[in-house]
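Asks: We have chain D already, so just place chain Y on it with the hints.
Number of protein chains: 2
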Amino acid sequence: MNLEFDDAVAMLARTPGTLRAWLAGLPDAWLDANEGPETFSARDMMGHLIEGERMDWVPRIRMILDHGESRAFEPFDRFAFRGAIGGRTIESLCEEFEQRRRDNLTWLRRLSLTPEDFARRGRHPAFGAVTLELLSTWTVHDLNHIGQIARVMSKNYSTAVGPWREYLGILSR
Amino acid sequence: MNLEFDDAVAMLARTPGTLRAWLAGLPDAWLDANEGPETFSARDMMGHLIEGERMDWVPRIRMILDHGESRAFEPFDRFAFRGAIGGRTIESLCEEFEQRRRDNLTWLRRLSLTPEDFARRGRHPAFGAVTLELLSTWTVHDLNHIGQIARVMSKNYSTAVGPWREYLGILSR
Numbered sequence: 107m108n109l110e111f112d113d114a115v116a117m118l119a120r121t122p123g124t125l126r127a128w129l130a131g132l133p134d135a136w137l138d139a140n141e142g143p144e145t146f147s148a149r150d151m152m153g154h155l156i157e158g159e160r161m162d163w164v165p166r167i168r169m170i171l172d173h174g175e176s177r178a179f180e181p182f183d184r185f186a187f188r189g190a191i192g193g194r195t196i197e198s199l200c201e202e203f204e205q206r207r208r209d210n211l212t213w214l215r216r217l218s219l220t221p222e223d224f225a226r227r228g229r230h231p232a233f234g235a236v237t238l239e240l241l242s243t244w245t246v247h248d249l250n251h252i253g254q255i256a257r258v259m260s261k262n263y264s265t266a267v268g269p270w271r272e273y274l275g276i277l278s279r
Numbered sequence: 107m108n109l110e111f112d113d114a115v116a117m118l119a120r121t122p123g124t125l126r127a128w129l130a131g132l133p134d135a136w137l138d139a140n141e142g143p144e145t146f147s148a149r150d151m152m153g154h155l156i157e158g159e160r161m162d163w164v165p166r167i168r169m170i171l172d173h174g175e176s177r178a179f180e181p182f183d184r185f186a187f188r189g190a191i192g193g194r195t196i197e198s199l200c201e202e203f204e205q206r207r208r209d210n211l212t213w214l215r216r217l218s219l220t221p222e223d224f225a226r227r228g229r230h231p232a233f234g235a236v237t238l239e240l241l242s243t244w245t246v247h248d249l250n251h252i253g254q255i256a257r258v259m260s261k262n263y264s265t266a267v268g269p270w271r272e273y274l275g276i277l278s279r
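Just so you know, the sequences run in chain order D and Y. Numbers 107 to 279, taken from our numbering, label the letters of the first sequence in order. Numbers 107 to 279, taken from our numbering, label the letters of the second sequence in order.
Here chain D stands alone, though its shape is the one from the complex:
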């Protein structure tokens, strides 16, 4: 299935509200759970998503449209958010993500992308030539982290579920 611009934007627009409904006000036992050293908690993932709105998606779309293959994307630092989330409430992180995503989608819609834009190539530092398949990636990246947040939090109760563990595939991933 190809990207449908309006469908992708519909999904991208819902992610902040989904995360707010899920995470705002949740006890820290859920928000700070992780899968071991150097793994992300739900709170970390909010920081990572905000960093993506700032430094990843929009700058790279711009780079494809403005510079084509002549300039490679800046590598995205997946851990750069760590300093920026210290001491902030989950509500503040949800708020910032919501605001940045809204602004970015307003900008994206105003681009009025054409089929020619979708055929244009940029240069990824590892993959080489890429296109605005970046928009599909942005969308799936959201879903990837929603799934990861569910998985990380579920592991709080890996043993508490007793024999039902067998029916709960999320605990084995």
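Do not take every clue at face value.
[Claimed, not checked] Only some residues are given here: those of chain D computed to face chain Y with a beta carbon under 10 Å:
#	residue
1	Gly123
2	Arg126
3	Leu132
4	His230
5	Leu241
6	Gln254
7	Ser264
8	Thr265
9	Gly268
Because the hints were derived from the structure by calculation, they are not lab data. Please read these numbers as outputs of a predicted model, since none were measured by experiment. Yeah, the Cβ is synthetic: ideal placement off N, Cα and C, and Gly gets one too.
Replies: Okay, now just chain Y, sitting in the frame of chain D:
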């Protein structure tokens, strides 16, 4: 980690709002995507979650508290919802799930469960003796389906993401 009753209820209470923020108004291309014959779409999972509120969690908690090991749980039919969701909008499904979950959590809180209740045993048709580890299971079951909804929808763009597929673990599960 053991179940903390208030933490579990905080999570259970947020699931309906999370699903509504995510799914209400989404294009059918997302809601009806599945992973092949006999697999669940996001819309199917809403039906399955509603059926769980009706026929699974509360009746089984009651059975443990009222009958102990003397009576086994009724098996839960994971496909029973199919007739009940035909022709209904996603908004109507979100609404019903929200209402039933709210009522069930009100009932659950009013039980004022004691440590003795948590030690009580019931009888699962496949596992044999089980306890109110069922409450942890209810919670993880929600997270399992949130993760599954993310995964099923992400696969719409399995190929549209191009080379980024390599970074998106959700597409390989």
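Asks: Please verify that hint: Leu132/D, Cβ, nearest Cβ of chain Y, below 10 Å or not.
Replies: Hint holds; Leu132/D Cβ to chain Y Cβ min 6 Å, cut 10 Å.
Asks: When the nearest CB of chain Y is found for Gly268/D, is that gap smaller than 10 Å?
Replies: With a closest approach of 4 Å, the Gly268/D hint holds.
Asks: Does the nearest C-beta of chain Y fall within a distance shorter than 10 Å of the C-beta of Ser264/D?
Replies: Ser264/D check passes; min Cβ-Cβ to chain Y is 8 Å, inside 10 Å.
Asks: Answer holds if the nearest beta-carbon of chain Y is closer than 10 Å to that of Leu241/D; otherwise answer violated.
Replies: Hint holds; Leu241/D Cβ to chain Y Cβ min 8 Å, cut 10 Å.
Asks: For the hint on Gly123/D, does the least C-beta distance to chain Y fall short of 10 Å?
Replies: holds, 4 Å
Asks: Gln254/D was flagged as interface toward chain Y. Is the shortest Cβ-Cβ separation under 10 Å?
Replies: holds, 8 Å
Asks: Can we keep the Thr265/D interface hint, with Cβ of chain Y closer than 10 Å?
Replies: holds, 7 Å
Asks: Given a cut of 10 Å on the nearest C-beta pair, is the interface hint for His230/D held or broken against chain Y?
Replies: holds, 7 Å
Asks: Quick check on Arg126/D please, does its C-beta sit within 10 Å of some C-beta on chain Y?
Replies: holds, 7 Å
Going through the hint list in order, the structure satisfies each hint without exception.
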